[in-house]
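Novice: Build out the structure end to end from the sequences listed, making use of the hints.
Residue numbers (our numbering), protein chains in the order written: chain A, 1 to 269; chain B, 1 to 197; chain C, 1 to 69.
Among the clues, some could well be false.
[Stated by the list, open to error] Counterexamples of contact, computed for chain C against chain A with all Cβ distances above 10 Å:
#1 Gly-11
#2 Gly-16
#3 Arg-34
[Claimed, not checked] With the Cβ distance kept under 7 Å, some of the chain B side facing chain A (calculated, not the full set):
#4 Pro-25
#5 Pro-28
#6 Leu-30
#7 Gly-33
#8 Phe-34
#9 Leu-40
#10 Tyr-41
#11 Val-48
#12 Leu-52
#13 Arg-60
#14 Ala-62
#15 Ile-63
Since the hints were derived computationally from the structure, they do not count as laboratory data. Owing to the predicted nature of the structure, the values given are computational and were not obtained by experimental measurement. Ideal Cβ placement from N, Cα and C applies to all residues, glycine included.
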Amino acid sequence: MSMAAALGGLATLSTASGDSFETPTPAIFYLPIIGEGDWAITEQMFWGGVSVLLLSLVMVRLSAKAAVVPTKGQWMMEGFYNFARNGIARDMIGSKDFLRFVPLLFTLFALILLNNLFGILPPVMNPTTGRIGFPIAFTVVVYVVYHWVGISRKGLGGYLAGLVPPGLPGWIKGPIWVLEFITFFITRPLTLALRLFGNMFAGHMLIVLFVSAGAYFLTQGIVFQLLSVPTFIMAAAMVLFEGLVQFLQAYVFTLLAASYIAGAVADDH
Amino acid sequence: MHITAASSLAALPMASGEEKLPLIPHIPELIFGFVMLGILYAVVAKKVVPNLERAYEERRAAIEGGMEQAEQAQTEAREALEKYTAQLAEARAEANEIRETAREQGAQIVTEMRAQAQAEATRITEAAKRQVEAERQQAVVQLRTEVGTLSTALASKIVGESLEDEVRQKGIVDRFLTELESGDVRPEKVTTTGQDS
Amino acid sequence: MFGNLSLVGYGLATIGPAIAVGLIFAAYISGVARQPEARPLLQPIAILGFALAEALAIFGLVLYFVPIR
Numbered sequence: 001m002s003m004a005a006a007l008g009g010l011a012t013l014s015t016a017s018g019d020s021f022e023t024p025t026p027a028i029f030y031l032p033i034i035g036e037g038d039w040a041i042t043e044q045m046f047w048g049g050v051s052v053l054l055l056s057l058v059m060v061r062l063s064a065k066a067a068v069v070p071t072k073g074q075w076m077m078e079g080f081y082n083f084a085r086n087g088i089a090r091d092m093i094g095s096k097d098f099l100r101f102v103p104l105l106f107t108l109f110a111l112i113l114l115n116n117l118f119g120i121l122p123p124v125m126n127p128t129t130g131r132i133g134f135p136i137a138f139t140v141v142v143y144v145v146y147h148w149v150g151i152s153r154k155g156l157g158g159y160l161a162g163l164v165p166p167g168l169p170g171w172i173k174g175p176i177w178v179l180e181f182i183t184f185f186i187t188r189p190l191t192l193a194l195r196l197f198g199n200m201f202a203g204h205m206l207i208v209l210f211v212s213a214g215a216y217f218l219t220q221g222i223v224f225q226l227l228s229v230p231t232f233i234m235a236a237a238m239v240l241f242e243g244l245v246q247f248l249q250a251y252v253f254t255l256l257a258a259s260y261i262a263g264a265v266a267d268d269h
Numbered sequence: 001m002h003i004t005a006a007s008s009l010a011a012l013p014m015a016s017g018e019e020k021l022p023l024i025p026h027i028p029e030l031i032f033g034f035v036m037l038g039i040l041y042a043v044v045a046k047k048v049v050p051n052l053e054r055a056y057e058e059r060r061a062a063i064e065g066g067m068e069q070a071e072q073a074q075t076e077a078r079e080a081l082e083k084y085t086a087q088l089a090e091a092r093a094e095a096n097e098i099r100e101t102a103r104e105q106g107a108q109i110v111t112e113m114r115a116q117a118q119a120e121a122t123r124i125t126e127a128a129k130r131q132v133e134a135e136r137q138q139a140v141v142q143l144r145t146e147v148g149t150l151s152t153a154l155a156s157k158i159v160g161e162s163l164e165d166e167v168r169q170k171g172i173v174d175r176f177l178t179e180l181e182s183g184d185v186r187p188e189k190v191t192t193t194g195q196d197s
Numbered sequence: 001m002f003g004n005l006s007l008v009g010y011g012l013a014t015i016g017p018a019i020a021v022g023l024i025f026a027a028y029i030s031g032v033a034r035q036p037e038a039r040p041l042l043q044p045i046a047i048l049g050f051a052l053a054e055a056l057a058i059f060g061l062v063l064y065f066v067p068i069r
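Specialist: In structure tokens:
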């Protein structure tokens with residue numbers, strides 16, 4: 001059955017040689033193309049580079065001749081840019097000093113969105129952000145930026161003292177400060193990175209699971225071959241759902257980054 | 001191979017890069033993540049955002065410029081209207097004033113003219129009166145002479161005696177006239193004028 | 001097929017965040033239905049709350065992967 005073989009090749013993990021089905025493990029994300037071991041260049045790095053190149057070329061091209069009366073390309077570019085600029089940065093940070101952070105937030109949004117969407121885009125079919133190295137890198141940048149903004153605005157002492165919301169009775173300030181400190185310095189970056197990673201990782205695992213299961217079913221008896229139809233339908237539905245989640249996660253990441261920056265920029269807590 | 005996740009994961013960190021725990025970052029990817037973000041940030045911050053913001057600024061300026069222009073035109077129109085209204089009111093006030101003045105002057109002129117006419121009339125009346133008086137005097141004098149001559153002639157004719165002598169004649173006439181004036185001849189006039197002369 | 005207890009634990013751990021996310025969006029939807037003009041105000045708050053509730057599920061995922069001997 002050549003079709004089954006072809007489909008079997010689709011699923012990266014489906015060995016389809018034995019009689020037993022092997023569930024996809026996290027190892028499916030490790031795809032070295034050059035070198036081995038700790039310093040291997042992975043496929044995700046290649047696609048990440050491609051995403052940067054693609055985004056740079058397209059965005060520079062579409063915005064190079066930005067005019068008062070936009071062309072169609074510029075209009076689309078503006079819609080995309082306004083989503084990050086007005087919908088995220090201005091709404092969260094406030095119209096006073098949001099413009100300073102627009103480049104960072106827009107960069108984050110565009111980069112994460114495209115790298116997420118690689119999970120459902122046919123030539124790639126693997127979300128770059130499903131490797132935790134990338135979300136950690138993005139999160140470290142956001143972490144440094146919002147702490148740096150807060151400290152440069154209020155001073156180190158003022159920033160640390162400002163962690164406690166005003167108007168609390170004295171005896172509760174201590175515990176609240178500890179909680180807020182943990183939130184600001186540990187929970188926030190941890191959840192920011194892990195949320196993006198977890199969603200992409202789990203989504204890709206789900207798609208791979210359904211596709212490889214469907215491919216495995218095709219190699220089995222007629223009953224299983226019939227069963228593979230709903231499995232593939234489920235896989236397609238998961239792809240659509242992942243598209244939604246990938247957009248949402250890019251939005252949430254940028255929104256949370258903006259809200260952390262807003263908390264650091266705001267004069268009171 | 002069938003291994004439970006827990007046992008495989010426990011063994012993972014020891015294994016080569018191939019079977020790492022997914023929560024442990026692959027170092028080249030971590031570094032490359034910074035590089036990706038850095039490059040794209042540089043491109044966005046240097047090219048994309050300034051270009052778009054410039055377009056926004058120009059658009060805002062164009063719209064606001066138009067609005068400002070319209071506002072300015074409106075303000076100018078309002079100012080002009082106010083100015084015209086003010087001028088109109090002023091002109092109306094001026095016209096009123098002029099009319100008032102004219103009326104006053106007219107009244108004054110009428111009064112003056114009336115006074116003048118009155119004076120003229122008085123003067124004419126005076127002159128006429130004086131003339132009449134003068135004429136009367138003249139007539140009286142003339143009459144006196146003529147009556148004297150006539151009465152003398154008559155009397156000489158009646159008396160038949162020539163009263164050529166001037167002095168006598170004059171004396172007789174004068175006496176007669178005096179008598180006449182004193183009312184001895186006309187007794188009905190005695191009551192009023194009898195004692196005057 | 002084999003699994004382990006971590007997987008069951010993670011499945012149980014997602015119940016709480018799932019309910020929380022449901023409640024958050026229920027409140028958001030009823031808020032917008034009652035006052036549609038408040039939508040731009042409520043949307044980031046709802047997404048933020050969703051993200052915070054989801055963080056708990058993410059912790060569960062992390063704990064699933066943490067090797068326990």
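Novice: Under the constraints set out in the numbered hints, which ones does this structure not fulfil?
Specialist: Hints 13 and 15 not satisfied by this model.
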